[in-house]
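Input sequences plus hints: build the corresponding full structure.
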Amino acid sequence: MRIAIFSWESMHSICVGGVGVHVTELAAALERKGNEVHVFTRLGSPDQAWYERIHGVHYHRCPFSQSPDFVEEINNMCRAFTDVFFQTENVTGPFDVIHSHDWLASNALVWIKQVRPCKAVLTIHSTEYGRCGNNFNDGNSARIRDHERHGTYCADHVIAVSKAIKGEIQWMYNLPDWKVDVVYNGVNYRNFDGWIDPGAVRRHYGIGPMDPMALFVGRIVYQKGPDLLIEAIPHILKYYSNAKFVFVGDGEMRWGVEDRAKQINVHHATRFIGFNNGWKLRDLYKAADVVCMPSRNEPFGLVLLEAWSAGKPVVATSNGGPGEIIWHDITGLKIYANPESIAWGIETIFSDFDHARWMGHNGRIAVETAFSWDVVAGQVMDVYGR
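Following numbering that gives the first Met the number 0, the residues of the sequence shown are numbered contiguously, the last one being 385.
No lab work stands behind these hints: they were computed from the structure.
Misleading hints may appear alongside valid ones.
To be verified - Derived DSBU-like pairs (lysine-lysine); straight-line CA-CA distance at most 35 Å:
#1 K237 x K261
#2 K162 x K178
#3 K32 x K118
#4 K118 x K162
#5 K333 x K118
#6 K237 x K333
#7 K162 x K333
#8 K32 x K285
#9 K261 x K162
#10 K285 x K261
#11 K261 x K333
#12 K118 x K165
#13 K279 x K162
#14 K178 x K237
#15 K112 x K165
#16 K32 x K112
#17 K237 x K279
#18 K32 x K237
#19 K279 x K261
#20 K32 x K279
#21 K285 x K333
#22 K165 x K333
#23 K165 x K285
#24 K333 x K178
#25 K165 x K261
Here it is in structure tokens:
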């Protein structure tokens with residue numbers, strides 16, 4: 000099959016979060032299965048090539064006009080995707096499948112579908128409702144929901160990254176059950192193989208080799224609940240006074256969360272290191288004792304699979320995807336989205352490191368057997384074939 004994938008992020012252009020990882024790994028896995036895959040994404044910087052072939056995948060980095068209106072800027076991006084798509088077709092021939100990711104790229108699917116008979120698939124990684132903390136906000140948020148609704152209507156099939164997201168979009172957009180398939184995320188677990196010196200990694204961030212260490216990875220935004228973790232820290236420090244909490248990520252709440260840590264006198268126990276990926280992030284996973292996901296709304300949570308790939312237990316709220324795939328007290332602990340429950344989960348891990356390591360080992364087995372990208376690509380191809 001000739002497959003065109005549209006995404007506002009990828010690991011080879013601009014990578015903001017889990018969608019960029021998903022798109023990049025899925026494209027490579029689809030190519031390994033014998034497909035011709037083209038990814039249409041943003042131009043990351045002026046010095047990036049507009050076209051590049053990476054691991055067999057054709058990357059088209061598309062420049063477009065900026066705008067103070069974010070939704071209009073995204074429309075400009077989708078127009079650029081559409082233009083480059085048609086230019087590519089003129090040279091290489093028609094595509095069999097067009098596959099957009101989230102509302103950000105949905106208009107590219109909508110506009111191409113109007114003039115091309117190819118199969119159209121839209122993956123919903125999260126909803127605007129969920130990103131707003133399960134609220135229907137006005138303004139741009141309402142416009143974004145309109146994009147989501149129209150994209151799901153125009154697509155031939157919709158992929159949801161969890162049963163929770165499937166239920167959410169069926170409820171909000173009145174989608175029939177036959178139109179929505181659940182395909183969980185995958186992970187390249189081999190990236191986490193190899194030995195590191197956890198003491199050296201910890202020392203780099205001013206953390207002692209015997210200090211209990213919890214890791215938060217994700218955008219520092221309301222949806223992900225970093226503020227809830229901050230509020231849990233005082234209770235944890237009562238019992239584990241040398242515990243440390245590392246926050247990896249950036250976002251609109253970062254400075255407010257850091258200020259709150261100072262207000263409640265726990266800043267000494269926190270480390271805010273900003274956005275990070277690659278080997279530095281993998282080393283932090285492997286040096287941590289537990290990975291905490293205190294999300295108010297979590298569509299799936301690629302962080303969960305990365306933690307398991309590193310052999311670490313996860314303490315995660317059951318709001319969404321994690322609640323579907325964590326086996327409580329076997330691969331991690333399910334908690335509620337409040338400071339008291341978060342504190343309980345982390346303290347439970349810190350109280351029995353042998354059991355924690357056993358849960359992390361079980362998580363590694365889970366990703367090796369059920370969450371490889373080749374497995375995910377096969378499931379996505381099944382959707383393409385319907």
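- Task: Hints the structure violates: just list their numbers, smallest first.
- Result: Result: hints 5, 9, 14, 18, 25 break, sorted rising.
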